[in-house]
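A.B. asks: This is what each chain is made of:
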Amino acid sequence: MSETHIGPTLVVDGEISGSDDLLVRGLVRGTVRVPASVLLAEGGLVEGTIEASVVDVSGIMKGDVTARERCRIQPGGKMLGDIRSQRILISDGALFRGKVEMDVPGTD
Amino acid sequence: METEIRDIIAEGTRVKGTIEGREPLLVLGQVEGKIVLQNLLVVGKTARVEAEIFAQAVTVEGAVSGRIVAGDLVAIRAGGRVTGELSTPRLIVEDQAVFDGTIHMEPAEGGPHE
Amino acid sequence: MGDKTTPRTVIGPDIRIVGELHAAEDLVVHGRLEGTLRVDAVLFVERDGFVEGNATVRHAVVAGSFQGSLDASEALEVADSGKVQGEVSAPRMIVADGAVLNARIRMTAGAAATADATAATAAQPAGRTARSSYTYSVPVPRRTPAAGDAAATEEEDEVVEAGAAPRARKGAKKQP
Chain R
1 MSETHIGPTL VVDGEISGSD DLLVRGLVRG TVRVPASVLL AEGGLVEGTI
51 EASVVDVSGI MKGDVTARER CRIQPGGKML GDIRSQRILI SDGALFRGKV
101 EMDVPGTD
Chain P
109 METEIRDIIA EGTRVKGTIE GREPLLVLGQ VEGKIVLQNL LVVGKTARVE
159 AEIFAQAVTV EGAVSGRIVA GDLVAIRAGG RVTGELSTPR LIVEDQAVFD
209 GTIHMEPAEG GPHE
Chain U
223 MGDKTTPRTV IGPDIRIVGE LHAAEDLVVH GRLEGTLRVD AVLFVERDGF
273 VEGNATVRHA VVAGSFQGSL DASEALEVAD SGKVQGEVSA PRMIVADGAV
323 LNARIRMTAG AAATADATAA TAAQPAGRTA RSSYTYSVPV PRRTPAAGDA
373 AATEEEDEVV EAGAAPRARK GAKKQP
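Residue numbers (the numbering used here), protein chains in the order written: chain R, 1 to 108; chain P, 109 to 222; chain U, 223 to 398.
No lab work stands behind these hints, which were simulated from the structure alone.
Heads up, incomplete: computed chain R residues facing chain P, CB under 10 Å, no partners named:
no., residue
1, S2
2, G7
3, V12
4, D13
5, S17
6, D20
7, R25
8, L27
9, G30
10, A36
Where a beta carbon is used, it is the ideal one built from N, C-alpha and C, also for glycine.
Taking the hints into account, I'd like the entire structure generated from these sequences.
C.D. replies: Now the structure itself:
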């Protein structure tokens, strides 16, 4: 499985979809919809929505996240938005403001 | 000369919109929209790009349709296919590359009349 | 350089031809050709050569200047000193770094043209595929038949289309 890598100096404005994992170190403005995992790394920023299986936030997320399997806000991660997921972990040291819905989004 | 590329749109990924960057970018998936890069853009063999591209240099091994404006060089490699408008000061087209469209290159002198 | 076993017509650097020319063999242009050109084999526009008009050829190697409309049934090669302006139709095209093109290009699909075309013996593709990953600087050896080779600066006025009154036909369709 390949990984799309949005490096620290890359800016994507629009929709990202597809079958690959996504690693965001740069800036994504728009919608991310992938079946696999999204890692929003330290230094990365997403403004918009993420829909994926697994979402891991160490950077900054402004917008809603729907993660079919689980969503984690890591220490140092910041999120402003709603999380919808079966399993949610907001670490000590993370910043979070939003709603949390722990149901099963869509089908597994 | 080899360039290590860290920004990658992988083969199964599709981006619709604008991609802007300062580092080399490798596209192996699909991009529809616009790419503005102050560096080298590599359109890999599996890539399908429908976009307006502004980059320092562009290497095409996959398919590009739209417009390419390069600050330095466009190279269409064997297997690469470009359709549309190409504007660049330097151009390399390899055997087994395909181009359909118009090419504008910075005019070297060499006027029509000697 | 090059196996010049095939007969060819050479237009020396001081020759200027205006009109229609049909060459059944290779045509090597060091001078100036304006008009309508048909070459059943390979057209070499040498570094000092200049062709303007409509050309229908099997294979063209441009190291000089071509302006107008070019239809190559097999391939067009533009060397690093070559300049092409106008319209080109060719199933295969090779452009070397340094070449200058301002043209509308149409390459018919099916780029896998006959690689071993006999025309290739006279002008092998200038581009060898340097497959180092993601380099964008590919030095391409310039491949033109040695200029010194056409020591024949004498004009060989072969095959000018019989009956055709020489008229300057500038078919140069310059497409921006």
